[in-house]
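Engineer: Listed below are the residues making up each chain.
Protein chains: 4
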Amino acid sequence: MILVLRTDATSEQIDHIMERVEELGFEPRPIRGEFRTIIGLIGDDNKPHAEILEAIPGVEQVLRILKPFKLASREFHKPDTVVQVGKVRVGGGHLAMVAGPCAVESFEGLDAIAKRVKGAGANILRGGAFKPRTSPYSFQGLGEKGLRILRDVGDKYSLPVVTEVMDTRQVELVARHADMFQIGARNMQNFDLLKEVGQARKPVLLKRGMSSTVKDLLMSAEYILAEGNDQVVLCERGVRSFEDSTRNMLDISAVPNVKGQSHLPIIVDPSHATGRPDLIPPVALAGVAAGADGVHVEVHDCPEKALSDGPQALLPDQYDKLMADVRRLAQTFGKALG
Amino acid sequence: MILVLRTDATSEQIDHIMERVEELGFEPRPIRGEFRTIIGLIGDDNKPHAEILEAIPGVEQVLRILKPFKLASREFHKPDTVVQVGKVRVGGGHLAMVAGPCAVESFEGLDAIAKRVKGAGANILRGGAFKPRTSPYSFQGLGEKGLRILRDVGDKYSLPVVTEVMDTRQVELVARHADMFQIGARNMQNFDLLKEVGQARKPVLLKRGMSSTVKDLLMSAEYILAEGNDQVVLCERGVRSFEDSTRNMLDISAVPNVKGQSHLPIIVDPSHATGRPDLIPPVALAGVAAGADGVHVEVHDCPEKALSDGPQALLPDQYDKLMADVRRLAQTFGKALG
Amino acid sequence: MILVLRTDATSEQIDHIMERVEELGFEPRPIRGEFRTIIGLIGDDNKPHAEILEAIPGVEQVLRILKPFKLASREFHKPDTVVQVGKVRVGGGHLAMVAGPCAVESFEGLDAIAKRVKGAGANILRGGAFKPRTSPYSFQGLGEKGLRILRDVGDKYSLPVVTEVMDTRQVELVARHADMFQIGARNMQNFDLLKEVGQARKPVLLKRGMSSTVKDLLMSAEYILAEGNDQVVLCERGVRSFEDSTRNMLDISAVPNVKGQSHLPIIVDPSHATGRPDLIPPVALAGVAAGADGVHVEVHDCPEKALSDGPQALLPDQYDKLMADVRRLAQTFGKALG
Amino acid sequence: MILVLRTDATSEQIDHIMERVEELGFEPRPIRGEFRTIIGLIGDDNKPHAEILEAIPGVEQVLRILKPFKLASREFHKPDTVVQVGKVRVGGGHLAMVAGPCAVESFEGLDAIAKRVKGAGANILRGGAFKPRTSPYSFQGLGEKGLRILRDVGDKYSLPVVTEVMDTRQVELVARHADMFQIGARNMQNFDLLKEVGQARKPVLLKRGMSSTVKDLLMSAEYILAEGNDQVVLCERGVRSFEDSTRNMLDISAVPNVKGQSHLPIIVDPSHATGRPDLIPPVALAGVAAGADGVHVEVHDCPEKALSDGPQALLPDQYDKLMADVRRLAQTFGKALG
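Chains as they are written, first to last, in numbering that gives the first Met the number 0: chain P, 0 to 337; chain X, 0 to 337; chain V, 0 to 337; chain D, 0 to 337.
No lab work stands behind these hints: they were computed from the structure.
From a predicted model like this one, the values you see are computed outputs, not experimental measurements.
All C-beta atoms, glycine included, are put in the ideal place defined by N, C-alpha and C.
Among the hints, erroneous ones may be present.
Going by beta-carbon spacing under 7 angstroms, a handful of chain D positions derived as facing chain P [claimed, not checked]:
#: 1; residue: G32
#: 2; residue: I37
#: 3; residue: G39
#: 4; residue: R275
Straight-line Cα separation of at most 25 angstroms, DSS-like style, residue types lysine-lysine; simulated pairs [as the list claims (entries may be wrong)]:
#: 5; chain 1: P; residue 1: K117; chain 2: P; residue 2: K86
#: 6; chain 1: P; residue 1: K304; chain 2: X; residue 2: K66
#: 7; chain 1: X; residue 1: K194; chain 2: P; residue 2: K144
#: 8; chain 1: P; residue 1: K194; chain 2: X; residue 2: K194
#: 9; chain 1: X; residue 1: K334; chain 2: D; residue 2: K334
#: 10; chain 1: D; residue 1: K334; chain 2: V; residue 2: K194
#: 11; chain 1: P; residue 1: K77; chain 2: V; residue 2: K320
#: 12; chain 1: X; residue 1: K334; chain 2: D; residue 2: K144
#: 13; chain 1: X; residue 1: K144; chain 2: P; residue 2: K194
#: 14; chain 1: X; residue 1: K77; chain 2: D; residue 2: K320
#: 15; chain 1: P; residue 1: K320; chain 2: V; residue 2: K334
#: 16; chain 1: V; residue 1: K320; chain 2: P; residue 2: K334
#: 17; chain 1: V; residue 1: K214; chain 2: V; residue 2: K201
#: 18; chain 1: X; residue 1: K304; chain 2: P; residue 2: K66
#: 19; chain 1: D; residue 1: K334; chain 2: X; residue 2: K320
#: 20; chain 1: P; residue 1: K320; chain 2: V; residue 2: K77
#: 21; chain 1: V; residue 1: K304; chain 2: D; residue 2: K66
#: 22; chain 1: X; residue 1: K69; chain 2: X; residue 2: K201
#: 23; chain 1: P; residue 1: K77; chain 2: P; residue 2: K66
#: 24; chain 1: D; residue 1: K214; chain 2: V; residue 2: K144
#: 25; chain 1: P; residue 1: K214; chain 2: D; residue 2: K214
#: 26; chain 1: D; residue 1: K194; chain 2: V; residue 2: K194
#: 27; chain 1: V; residue 1: K214; chain 2: X; residue 2: K214
#: 28; chain 1: P; residue 1: K334; chain 2: V; residue 2: K214
#: 29; chain 1: D; residue 1: K77; chain 2: X; residue 2: K320
#: 30; chain 1: D; residue 1: K304; chain 2: V; residue 2: K66
#: 31; chain 1: D; residue 1: K144; chain 2: D; residue 2: K201
All chains, please: the whole structure from these sequences, using the hints.
Structural biologist: Written out as C-alpha cells, the structure reads:
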C-alpha cells in the first residue's frame, strides 16, 4: 500500500501518520519528493483496517497494490479450476452449454424445449422457478413446483440443472432439487446469500452485477470461496450503459480479464446482454473466441407465449444453428463441449 | 401500448398479431402508414403478459405509454405522502436530517456522535449493525449487539433510528429495535426483502441501486407499497459512472424527476455519492435546493479510527457548519426541519 | 411518428396539435384510449422540423418509428458495401488487417514495424502524424513530415496507408499523402470535418465516439455519405464505462448491430478498447467471430520507447501469433483477408 | 510518479527499469516489499515521456501523483479567476446568467427573447449561428447572418453575447462578432480548435464533453491557457449515463470538484443536462447552491416553433420565476449577479 500525502502536509501530520501506520502493523518507508512525500507501507494490504488510512489528516490518497481477493486469484491457485456440474465439467478446456427457457412454465413446455436443446448439444438445462421481476405485477415463477418440473425434465434428458436462488430462505429447497445454484445479477452483492450458497457445497453460477467491476465480481466469488466452496462459475451477462438499442452491454474483455486474474471458469450470457435474438448468436461466438468456458442462452419454442422474457429467447432452430457454429469454433481452438 | 410492425410484416403476420392482442384482452387500432403499420392497443399496459407482444413475429418494437408503477405514482395519489418516523415527519415540506456513523462500533462511540449531530439539528440517527461489505475480510458489523446500542443511544437523545436490513431473516430482529428499515443500494432489487419489509409495517428508507433508473427505483417502491406499506422514503445516493474522482455520481435531477412522478418523499445521500468530505456539504445543499425532503450524511468524530467508510464521513464540526447552511436554505424555500 | 398526449390534454390542445401537425405536412390519425389519446402521423419522420412536435402543449412524448439515417441504412442499400483502400477491399467477406504504431516517429522506426506487420499478414498500414493528445504537453505528432514517412514506407511495402485527420485545414494535406482518412473517436461529431472528408472522395475510417450510441455513429456516417462519399468503414473502439481495469469497454454487440442496420463495413480496434496487450488478442478474435470486417491493432517493436500509447501496443511477435489465429478463424467462417 | 513492479519481476528487469528511469531524468527510490518492489520517482510527472514507463518489461502499473494540468490548477494560481465578458464579471462571487434561444432564427425572434431575459436579470445573451446537429438533415444555423443578428440584439439590450464556434476556420469570423466563444461538448477535445481560441484572446465558455472526466475537462482548459488565454469559464452540462428519462446526467459534484482543483469559474447548464423544462429550474438552483458561478439556460418564447431543441427551452415566464429564485439563493449565499 502507498500513502500519497497532501502537498501541504505538516511535519506533525507526517509524524502522526507514521505512528498510526505502525500501530496498524505496517512498516512505513517514506520518500520525500520535491513537491510531496509518499510513504510505502510494507505489510498485508488486506488487513481489515486498511481503508481507514485515507481518513488520517494529511493523507490525500491511498494506493493499493495487492489484489483485494485471494482465494479467487490465480496467484493463489495457478491451474484452471474445473467445476463439476453433475457429469459435466466446466473450465480447463471444457465448455458449458447452458440452455433453456427463462422460466419453467409447465412440464410439457420444458420437456419440449429440453428435448431440442439436448439434441443441439446443450449439456446443462436452465429454467427459473423463482423469478426476480422488476414489477411486482409480473409472473413471479412457479416456485417449488417449478423446481420439481426442472428436476424431472433434467433427469429425463440426463441434463444437470441450474436455477436461480433469490433468498437465503430458499437455499435449502433449491439445493434439494438443482445441481447448481444461479446467483442473478441483482443479487451479486447479496452477501448473506453468497455466504449461504458457499456453505451449501453445490456449484454456483455467479452472474456479474449490472454495475459491478471485474474486481467486484471476483470479490463476490471470494465470499463463496471463503466459506469453503470453490465450485464457482462466473458469468458475464452485460452491464448497464448509455447504449439504448441493446438491453445491456456485454463486456467482452471481461472474459480474458477474469481468466488472467483468476482460476475460476467464466461463461457468457448473450441473451441478457443483448436482449435481441438477432444479436445473440454473433455475441455467443465472440465469447467463445475470447476464451469463455461456455455460453448461457435462453431458448423457447414459442417466445410469443413465454411468461417472461420471451423477446430475448432463441427459437430451437436458431439454437441448432448457433451450436453448429460453436462446435466449429471449439474445434478451431481445441476446446471440448462439457 | 403501441406495436410498431416491421416494414416487411406480411398481411398474414398482421392478421395473427391482431388475433393475439385480442386474445390478450386489448382492442387493436391499426394505422397503416406509407412504410409500415403501427397498432395502438386500447387496454391496460400493466397486464402481466404485455411484454410478450414483442415476441410475436412481425412486431419490431413495443412502446409502452402508461407508467408501469401505480401505487407509487402521483397520478394515483396526488398529495405528497408524509412519512412518520417516530415523531419526525418526512415529506410535504418537512426535511429529514439523517446523520450518524457508517457502522455502530460501541455505545460510547455512538453516544458521542449522536450528542453532536443532535446538537447540530439532526432529527434521525443512523448506524449500521449489518454491513454489506465488498470484501468478506472487512468488518461485517456488530449485528444484534449493534441494534441494541443504536436503540439505546437513540432513546437517550430522543432520536428515531434507522438501520440497514440485508436479509429476509433479519427483518423481524431489526423491526424490534429500529424505527425505520434501510434497504441499501445493493439490495434495491432484492425482491423478497422488499416484500418482507412491505409486510413489516415500519417506514422504509429505500436507496437507489447503483445502476438503477428512476423508473426501476419507483418499481422497487411499488413492491413495498403493494404489500400495503406506503411509508417509503426514497434516497438518491449516486450511480456508477466513468468519472473516477468521486465514488459515484449523484443524479441531482432524480430529485425533481421523482417528485414529479411520485408522491413519495426523496432525500439525498452525498456521503455515498461523492465519498469525499470536501464535496459532501455543497452536494447536500444542492439536494435541498433541488427540492429534496432531507439529507443523509455520515458523521464520525474520528474518521481515521472508523471501522468502515471513515474517509467519507464529516467531522462533527463540519456537520455543524453544513446544518447552519441547510437551515438558511430551508428558510429561503419555506421548508421545516422534521 | 407517434405523439403520445398528456393524460390531462384538453380538447382545445388536441385541436391545436392536429392543426400544427397538418401544417408541418403530416396526416394525423388519432386513437382515443381509456386514459389518453395518441396520434399516429403519416409522413416522413426525417422532416427537419419534426423534433419540435414535442414542444407543443399537451404532447408528452414523441416516438419516432423510422430510422433517422437513410443513406447509411440497409433498407436503402441492401448489399454489403465493399470499400476499396488502394488495392485492398474491406467488407463483403474481405477483412481489413490494419496495423502499425500509434504515431509515426521516424522512417527507420516505421520501416521496421511495417516490415513485421506486412510479414504477419497486415494489409493496411496505420500511423499518426497529427495526434489528438489529452495533454498539451504530450508529443503532438510529426505533422507533414510524418505523412511523408508514412507514404514512403507504405509504398516500400505495398501497403495502403491510413492516418488521422483532426482539423478541416489538414484535409487537403492528408489527402495528398494517405489512402484513407481516419476520423478519431474525439472527432466523430466534428460535423465540419465530416463534411470536408465527405467531399474529399477518399475512403474514411470513422471511429465511434466514446459516448456515442450506434445510432449516433450511423448518423455521423450519414454526414459523409450525404456529401456523396460512400467509402466509409466504421470502427468500434470501445466506449466509456465504470469498469476501471480497462481503458474503455468494447461493445461487441455493436458489430452485428451495425451490420443489421447498415451496409457499411465495421472493424474493431481492441488496442484502444482495452489498452492492455494481454487483452488485445482475445478481443480481436472475438471481433472477427462476431462478424467484424477487420481488426485495427497498434504494433510497436519497442513499446517502452514509443512516443505515445506504448503500453497498448502489441510486440511484432505477439502480432504474428494473433494473425495466425485470425487466419484460422477467417477460414472457419469463410472470410478472406483483404 | 510511482512504478509498481510485477510480483515476478526479475532482478535484471529491475536493473533495466532503474536505468531507464534515470535516462528519462527521474531519480528512482526503490522500496522492496514482501511480495513486490515499488519504485518512487523523484521528478516532474508531467514530462512528455512519462507514460511510456508502463511499457517497460516488469512494470505492472504507473501511478501518477501530480496533477497533469498546471496552469489550470489552483496550486499554481490560488485566487479565483474572474473572467470579464464585456462588462460582466464571472467568478469570484459574480454569477453569469446566460440565456437565450438554442439557435438564432431571426432578428425579431431574438429581439423578443432578449427583451424578456434581460428583464428577468440575464446578463449574457446566447444564441447559436453554427449548430452541431446529430443529423445532416437538421437545421444547421444561419451562419454569419446569425452572428450579425446576435451582435445587433446584444448591443440593443447591452448584453454581451456568446455563441458556439465549431471549426478552426470560423474562429476569426466569430471573434469579429461575439464577446465570448463557446466550445460545445462535442468539441471539448477538438484540440486544434482549443489552440485557435487560445490564441484569439477572447473569453471562452468550455463545455464538458459527454464522456469526459473532470480531469479531461481541466486538461482541455489547459490547452487554451497554454496559448496564453486565461479567460476560460467551464460549464457542466451533463454526461451520458444509463438513465433514460433525462437527456444527460448533470454531475453536480463536478462544481465543487472543479472549484477545489482549479481557479477557473464553472457554471451549470441544466437545459442540455436534463432536456426537460420541468427539471431545469430545480437543477439550476442546485447548481447555484453547490457553488456554481452561473447558470446557462435556453429560453424561447414559442418552443413549438423553435428550429432546434425547442422541447428543452424555458418559456420567458418560467425564466422570470427561476431568476427570482436564483436571486434569493444568491442573496442567501452572498453572491452577486454579474
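Engineer: Now look at each hint and say whether the structure bears it out.
Structural biologist: We went through each hint and held it up to the structure:
Checking G32 of chain D against chain P by beta carbon gives a least distance of about 5 angstroms; that is within 7 angstroms, so the hint holds. Hint on I37 of chain D holds. Least Cβ distance to chain P is approximately 6 angstroms, under the 7 angstroms limit. With a least beta-carbon distance of about 4 angstroms to chain P, the hint placing G39 of chain D at the interface is held under the 7 angstroms criterion. Hint on R275 of chain D is violated. Least Cβ distance to chain P is approximately 17 angstroms, over the 7 angstroms limit.
For the suggested pair K117 of chain P and K86 of chain P, the alpha carbons sit about 14 angstroms apart, so the restraint of at most 25 angstroms is met. Restraint check for K304 of chain P and K66 of chain X: satisfied, since their Cα atoms lie roughly 23 angstroms apart, inside the 25 angstroms limit. A hinted pair counts as satisfied when its Cα atoms are at most 25 angstroms apart, and K194 of chain X with K144 of chain P qualifies at roughly 21 angstroms. Pair hint K194 of chain P plus K194 of chain X holds up; C-alpha atoms about 22 angstroms apart against a cutoff of 25 angstroms.
Of the supplied pair hints, the one linking K334 of chain X and K334 of chain D holds, its CA atoms being roughly 22 angstroms apart against a limit of 25 angstroms. With a CA separation close to 45 angstroms, the supplied pair K334 of chain D and K194 of chain V exceeds the 25 angstroms bound. At most 25 angstroms may separate the alpha-carbon atoms for a hinted pair to count; K77 of chain P and K320 of chain V meet this at roughly 24 angstroms. Restraint check for K334 of chain X and K144 of chain D: the C-alpha separation of about 49 angstroms exceeds 25 angstroms, so the hint is violated.
A C-alpha spacing of about 21 angstroms is found between K144 of chain X and K194 of chain P, which places the hinted pair at or below 25 angstroms, so the restraint holds. The hinted pair formed by K77 of chain X and K320 of chain D meets the criterion: a straight-line CA distance of about 24 angstroms does not exceed 25 angstroms. At most 25 angstroms may separate the alpha-carbon atoms for a hinted pair to count; K320 of chain P and K334 of chain V meet this at roughly 18 angstroms. With a CA separation close to 18 angstroms, the supplied pair K320 of chain V and K334 of chain P stays within the 25 angstroms bound.
Between the alpha carbons of K214 of chain V and K201 of chain V the distance comes to roughly 23 angstroms, so the proposed pair stays at or under 25 angstroms and holds. At roughly 23 angstroms between alpha-carbon atoms, K304 of chain X and K66 of chain P fall within 25 angstroms of each other, so this suggested pair holds. At roughly 18 angstroms between alpha-carbon atoms, K334 of chain D and K320 of chain X fall within 25 angstroms of each other, so this suggested pair holds. Restraint check: the Cα-Cα separation between K320 of chain P and K77 of chain V comes to about 23 angstroms, which is no more than 25 angstroms; the hinted pair holds.
The suggested pairing of K304 of chain V with K66 of chain D holds, with an alpha-carbon distance near 23 angstroms, which does not exceed 25 angstroms. Restraint check: the Cα-Cα separation between K69 of chain X and K201 of chain X comes to about 21 angstroms, which is no more than 25 angstroms; the hinted pair holds. Distance hint between K77 of chain P and K66 of chain P is fulfilled; the C-alpha atoms sit about 15 angstroms from each other, no more than 25 angstroms. With a C-alpha separation of about 32 angstroms, the suggested pairing of K214 of chain D with K144 of chain V is violated against the 25 angstroms cut-off.
Between K214 of chain P and K214 of chain D the alpha-carbon distance is near 24 angstroms, which keeps this suggested pair within the 25 angstroms criterion. Under the criterion of a C-alpha separation no larger than 25 angstroms, the hint pairing K194 of chain D with K194 of chain V is consistent with the structure, at around 22 angstroms. With a CA separation close to 24 angstroms, the supplied pair K214 of chain V and K214 of chain X stays within the 25 angstroms bound. A C-alpha spacing of about 36 angstroms is found between K334 of chain P and K214 of chain V, which places the hinted pair above 25 angstroms, so the restraint is violated.
This hinted pair checks out: K77 of chain D and K320 of chain X have alpha carbons roughly 24 angstroms apart, not beyond 25 angstroms. Restraint check: the Cα-Cα separation between K304 of chain D and K66 of chain V comes to about 23 angstroms, which is no more than 25 angstroms; the hinted pair holds. Only pairs whose Cα atoms come within 25 angstroms are accepted, and K144 of chain D paired with K201 of chain D is accepted, the gap being roughly 21 angstroms.
In terms of the numbered hints stated before, the structure departs from hints 4, 10, 12, 24 and 28, listed from lowest to highest.
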